[in-house]
Amino acid sequence: MRYLFLLILISSGNLSLAQAEEEELAFEIDTASYIWIKQSRINPYVTAELERTSLLNQSVSNMALSWGVLINDRISFGTFVSVMTDEVYFPLIFPNGFDLEMVYGGVHAGYMWPVSDAFSAGVDGRLGFGEMEVEYAESGFDIFSTRFTSVNPSLTIDYQVLRYTKLTAAFGYRFISGYDFNTDEFTDFNGSTFRIGLKLGLFKRLKWPREEDIGDEE
Amino acid sequence: MKSRLLIFGLIVFSSCYFNEEEIPDTAPWKYGSPSSVDLNESTLFELDENLRQGGFDQIRGVVAIKDDKLIFENYYEGGDRETDQFLSGATMSVMSMLTGIALDRGFLDSIQTPISVFFPDYPAAFNFEPLKGEITVEHLLLMKSGFAWYETGVPVLNPNNSLNGLTASNDWIEHALTRDMDAVPGLRYSYNSTHGVLLAKILERASGQPFVDFVNEVLFAPMSIGSASWQADAFGNVNGGFGLSLNLIDFAKLGDLYLNNGVWKGQRLVSEEWVTTSTSQQFQIDRFSNFAYSWQLFSELSTFSGILPENDTYFAEGAGGQYLFVVPHQNFVLAVTADNFFENGFTPLIIFRDFFAEAFQ
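Respectively, the protein sequence lines represent chains A and B. Using the numbering used here, the final residue of the first sequence is 218, and nothing's skipped along the way. Using the numbering used here, the final residue of the second sequence is 1361, and nothing's skipped along the way.
Hint data in this document are derived by calculation from the structure and do not stem from the laboratory. None of the values given here were measured: they were computed from a predicted structure. Treat the hints with care, since some could be wrong.
[Said to hold, decoys possible] Straight-line Cα separation of at most 16 Å, EDC-like style, residue types lysine to aspartate or glutamate; simulated pairs:
(1) B:Lys1265 with B:Asp1068
(2) B:Lys1030 with A:Asp184
(3) B:Lys1030 with A:Glu49
(4) B:Lys1030 with A:Glu131
(5) B:Lys1265 with B:Asp1067
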């Protein structure tokens, strides 16, 4: 439950900030003549991501959703949830095979630097709280679950493809701790992460469509 | 407005997960591979493969603990960790534990106490047969009460099996105490499940609380054994002879308690003296087995006694294939349950000898 309260508190703050800036954005879209606006702006965004991670020396996929606010198109923070779509083989109790399932969520924050009109690069950090569930590979019967915390620093790059759409990619490393599998033999759940995703939001890049795209759009 | 709704929706979506309860791990041991305790994994893989293919009929589960690690746990024939298993006669070994605890706590003065002391409400049972007044708690644990009883060696479905009369009666205490005598107490071994029924009532009366409450307080609750259920007769007399059901993990915990000389996770539940006494040979019952206080041991003549460096193995045994082996010198416990009530219920012995003992080599 404490995780739920944490998520609601953080996201409630995001909602208020986003609401305060919404009208201002509508006014400035038509008046801006430069790419990056100088004054502070706070806008909401949501990102759908496919994540490949290394877990117990196996490569697995996660689907992730993150959402939050962008401040001045540079600082981002918000919350995320990630669900593992693969199952990891986990020979925890001899002679069985077990599948390990993982779901987690938490908070994230990042900073982006504009590299060009469309590209920006930056860093991102995620603090997650989640649960790993162990089930028999054959029967699917759940045997137990354990909570964990994760920290996932990443290098990120964004490419804006449409007025409200960016492609995003991140490469990082995920540290997982706090779990209890009651064994000395499987102790390292850390591993590299790679994410690609689609970010939708009210981005600050106001000079859109770009001049070279006007002909195409018309 | 739309963005706010979107974010709100995502929060609700994620909160559904975070409200889920954590599923506790009910195994009290660390998990470890057999190789981590120097056991031959290929031998145990072979066992598992045999069991999966039905090579040993109706084995329901196998759990092994060595050096305080759970090194084998698997279930067959549709069983799983939550499946409660009818322990049949292995219940008597639990009754032996409880008798020791009652002695430790002063509820029983001695195992030489005559059982007639505890059954003043059944005067007729003792008045007409003076020999019954000589039956002691020890005689019940040793299966040497002298009651005329024909339970082993007669098929369960045979009307001559004494169990049929017991299960058809309403008051199992009365049924047990009113049997004729065919031997002097303490003289002749004859396996008799009613001894467990009588012991349960004795412990209830000695402790001054319902038997199930007594068991939970002194043994099951401290060991986090939550799966226990007991059969009882129409009068509520608990069947301490063959009426306990436990899941396999909880069954194995009892072996681990004795392996550690009565200490469970740092808490002493049974005195070391009773653990030693109750698992030490009292007499030989056949070529194969020696008998202790409702625990069995391999006799020196059996093919099982020479397979390990020391013949210190003792075990609980129940019809159908319920076995709990404790091997002190290997720091090893093996629990096996099965539903093999009408064929060969001894296959867990083969599993112990030909796979686990073999894996020690």
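Results of checking the hints against the structure:
For a cut-off of 16 Å, the pair hint linking Lys1265 of chain B to Asp1068 of chain B stands: about 10 Å separates their Cα positions. Distance restraint check for Lys1030 of chain B and Asp184 of chain A: the Cα-Cα separation of roughly 8 Å lies within the 16 Å cut-off, and the hinted pair is therefore satisfied. The straight-line distance between the Cα atoms of Lys1030 of chain B and Glu49 of chain A is roughly 36 Å, outside the 16 Å bound, and the hint therefore fails. For the hint linking Lys1030 of chain B to Glu131 of chain A, the alpha-carbon distance of about 20 Å lies beyond 16 Å, and the restraint is violated.
Under the criterion of a C-alpha separation no larger than 16 Å, the hint pairing Lys1265 of chain B with Asp1067 of chain B is consistent with the structure, at around 14 Å.
In summary, the numbered hints that this structure violates are 3 and 4.
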